[in-house]
Amino acid sequence: MEMPQPDRGVIARREEIAGALRAIVGDEWVLSQESERRPFECDGITAYRALPLLVVLPANTEQVQGVLRYCYHQKIKVVPRGSGTSLSGGALPLEDGVLLATTRMNAILDIDPRNRTTRVQPGVQNVKVSEAVRHLGLCYMPDPSSQVIATIGGNLAENSGGVHCLKYGVTSNHVLGVEAVLITGDVMHLGGRFTGAADSEIDLTCVLSGSEGLLAFVTEVTLRLMPMPTTARVLSLGFSTANDASGCVGTIIGRGIIPAGLEFMDRTTIDAVSSLLGETHAPEVGAILLCELDGAAVEVDELVAVVEKVARDGGANEVRISSTEAERESIWRGRKSAFGAIGKIAKDYYCTDGTIPRGQLPEVLKRMEALSQKYGLRCANCFHAGDGNLHPIIMYDAAKPGDLEKAEAFGADILKACVDVGGVLSGEHGIGVEKRDLMPYQFSEVDLSQQQRLKCVFDPDELLNPGKVFPTPCQCAEFGRMHVHGGAVRFPDVPRF
Amino acid sequence: MSVLDQPKTIVRIRPETVEDLAAAITAAVPYGKTFEITGGATKLSLGNPVSANAVLDLSGLSGAVFYEPEELVLKVHAGTPLAEVREMLAERQQHLAFDPPDYGSVLGLRKDGATIGGVVACNIAGPRRLLGGTPRDVLLGVEGVNGRGEHFKAGGRTVKNVTGYDLPKLMAGSHGVLAVLTTLTLKVAPRPQDEATLLLSGQSEAKGVEMMLDALRMSAEVSGAAHLPARQVGVSRTALRLEGSKTSVDARLIELEHQFHRTGEVAKIFGSESAAFWREVRDLDALAPQPDESIWRLLVPATQAARIAAAVGGRALYDWGGSQIFVAMPTARVQEDAASIRSIVGQVGGRAILFRAPDAVRRRVGAQHPSTSIIEELSERTRRAFDPSSILNPGRLGRINGGAQ
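Keeping their order, the protein sequence lines are chains A and B. With our numbering applied, the first sequence covers 1 to 497. With our numbering applied, the second sequence covers 498 to 902.
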């Protein structure tokens, strides 16, 4: 993985730039000492590291404007960052770029229970939103696993999903309005504060969702709140094989049931969790599905019975059903601690994020098994089965020379397999730097240039988060002049990063 | 173009393959020839009038590419009739959750002729928007031909997907000014087995909206919340819809009744009667405009809905719990009061879209609510990133014009 060559001239001006930015955000909020910058050198993917030129922590929209305006005029690159939980290197710093973090912009600005909305700053942790509105009987539905740490700004940038997105949708389905600052320092207000506010013709609000910090720096988000479901119950369904478990996923949904969550764990994950929590499962259980149903109590009871029957007919050999909230939490604890549990049994692990049509689960699991043999690395599977969002966890040992590269190649092969069966490279972690060079595997040259032209609309100088998402520079100046006929290859001579 | 205007006779191109479509656009670029894009020609009068050299008729690009009910996904060619899509889904007890309206009657155009491409391009949704979103929320992937004649794809077929920019969402609602959509991949949903509607009679508009907001705060999963004022139906009606299995609907209906039984006269309708009621709301038959009337579509915070509708004046139908209001008024008034109406709505962060009016009026006052200059500039640059020569539906989005620069 290569990044654009850092501009030594900019790095040499570190102190001068720090001085200018201190005048905007205050002395203590620009970190220029190496020891202060070190903690920011990576995000959730620790394999990729770079020391940022400076870390800047603005307090409000005006300061963000000031910083971006300065960087725009000085042609200095800017990398936005929330809590740094990205699993694709989306917040990987640049040595010649300012890391602009939302840490101090962490206020819930208002809650409007009648219109069922809340307006928050980007640095608010996801879980804080639901906590703040729980007493009103409301909640914020998207719930990525990292929700305790991950911020709303980062969720928006990656269009995060979570366990509940099968039934309730992903971040972009819950964003009503956005305030964002363009690289020029200009503020824009998109959408508004009610259902339908973002129904504009050219929907720039939706385009910011999942744009991985390449288009604008988000400074405020208005979110849609929903009434909390009255009842939720979860079934833990054990099957002898992963195939039986994935077959059951299709049957449940084919019966017209949309579970609030539908999660898959293979035996490797089950064993890791058992050794951590002491929760045991029969040896004949090869995979577990967790199926949560929510809604009115009578409806949930009705659906639990249907799902239980469907599962038993489909070969379930171990069925546990929650009847109290404590039991529900206990069943979920296994899934929620899965990644931590694997962290205990593996020296290092690398988790990737392809998404496939559900019906292809058996095929892709089979291919993963073969790849695991080929690379000689173990792989655990624990993922969002309902929406086909895979999270293969590849275990390796960073201390062993060549092991990381093998893990990366293994991950890339899995992602290619996902695309081969009609899926996509990323369901919720984003492309970042991790999957950047695989983009041409999913998209043609024409598809990618159409996306890059959109980047040029917002940031023609490519100062915002460069080196992420696209394998080649956007070359925005060219777009104004070039004409391409009949799908001819664009920029055949342009080198990759 | 609406019934209120004289039809024009111009060149019609009806490609039957994507290659022919791309070739037609590529050939037009050097000459600056422009296209008005149509599917079933049922919504041509939404947005500003287009004056183009040719009509690009997409009805030849029709039919399903695949439909996988267990995967809840459907990929169709853009020119597929909506009726055909509905039928295909109904056979497997599924539907489009956003409940696409048929505005054919209210716009004075064809009824029952809409194509799925037109529905998505206009991003229109019915009362179930409260739970089911809009076409934008369920559009997973698109293929299309941009204004350079390039055939491109974006998005995919899975619900979760952060692989590149979400261009499909950008297409939904863009009224054809970015690209000609050729295929759409949509998330479909199980069709509720049953439905019931609680009708509260005789509430004022303000009280009706308050009751809808109360209901939407409940966990009862209200899938329709509309208020039809007295002038249209003799006595005003506030309607709350529940959908799901029979046991679930029954239980939630008791909850709703319990909440509202003291508020006045309460009636209940079930099954097909409830469905017919909501079709009238959805297709705006309940608004029944006179020939000399125009209609505004207002998007406002629901808490402000009754106050705004009163200030705007005219006959109002409230949907989406009050967030969407259709207001009918004499066309003559629209011309006089457009600026003040937009100012009233704009003050609460809302938008006033001129939904039905003669071409000349829409051309004069603009169908879309004006945006800030920064948004208009970005929108125009976005448009040019897809269609630099402004040949697709030029002028449809008014100020985001597609004209010369």
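No lab work stands behind these hints: they were computed from the structure. There could be a bad hint or two in this list.
Straight-line Cα separation of at most 16 Å, EDC-like style, residue types lysine to aspartate or glutamate; simulated pairs [to be verified]: (1) K684(B) <-> E565(B); (2) K765(B) <-> D747(B); (3) K650(B) <-> D271(A); (4) K572(B) <-> D554(B); (5) K374(A) <-> E405(A); (6) K374(A) <-> D403(A); (7) K336(A) <-> D403(A); (8) K347(A) <-> D403(A); (9) K743(B) <-> D437(A); (10) K336(A) <-> D271(A); (11) K128(A) <-> D110(A); (12) K416(A) <-> D437(A); (13) K167(A) <-> E584(B); (14) K650(B) <-> D447(A); (15) K743(B) <-> E302(A).
Outcome of the hint check:
With a C-alpha separation of about 10 Å, the suggested pairing of K684(B) with E565(B) holds against the 16 Å cut-off. Only pairs whose Cα atoms come within 16 Å are accepted, and K765(B) paired with D747(B) is accepted, the gap being roughly 11 Å. With a C-alpha separation of about 42 Å, the suggested pairing of K650(B) with D271(A) is violated against the 16 Å cut-off. Straight-line distance between C-alpha atoms of K572(B) and D554(B) comes to about 20 Å, which puts the hinted pair past the 16 Å bound.
For the proposed pair K374(A) and E405(A), the alpha carbon gap of about 14 Å is at most 16 Å, so the pair holds. Proposed proximity of K374(A) and D403(A) is supported: the alpha carbons are some 13 Å apart, at most 16 Å. For the proposed pair K336(A) and D403(A), the alpha carbon gap of about 27 Å is over 16 Å, so the pair is violated. Between K347(A) and D403(A), the direct Cα distance comes to roughly 11 Å. Compliance with the 16 Å bound is thereby established for this hinted pair.
Among the hinted pairs, K743(B) with D437(A) is inconsistent with the structure: their alpha-carbon atoms are about 51 Å apart, more than 16 Å. Of the pairs offered as hints, the one joining K336(A) and D271(A) holds, with about 14 Å between alpha carbons and a cut-off of 16 Å not exceeded. The straight-line distance between the Cα atoms of K128(A) and D110(A) is roughly 13 Å, inside the 16 Å bound, and the hint therefore holds. Between K416(A) and D437(A) the alpha-carbon distance is near 12 Å, which keeps this suggested pair within the 16 Å criterion.
A C-alpha spacing of about 24 Å is found between K167(A) and E584(B), which places the hinted pair above 16 Å, so the restraint is violated. Among the hinted pairs, K650(B) with D447(A) is consistent with the structure: their alpha-carbon atoms are about 6 Å apart, no more than 16 Å. Simply put, K743(B) and E302(A) have alpha-carbon atoms about 11 Å apart, close enough for the 16 Å limit, and the pair holds.
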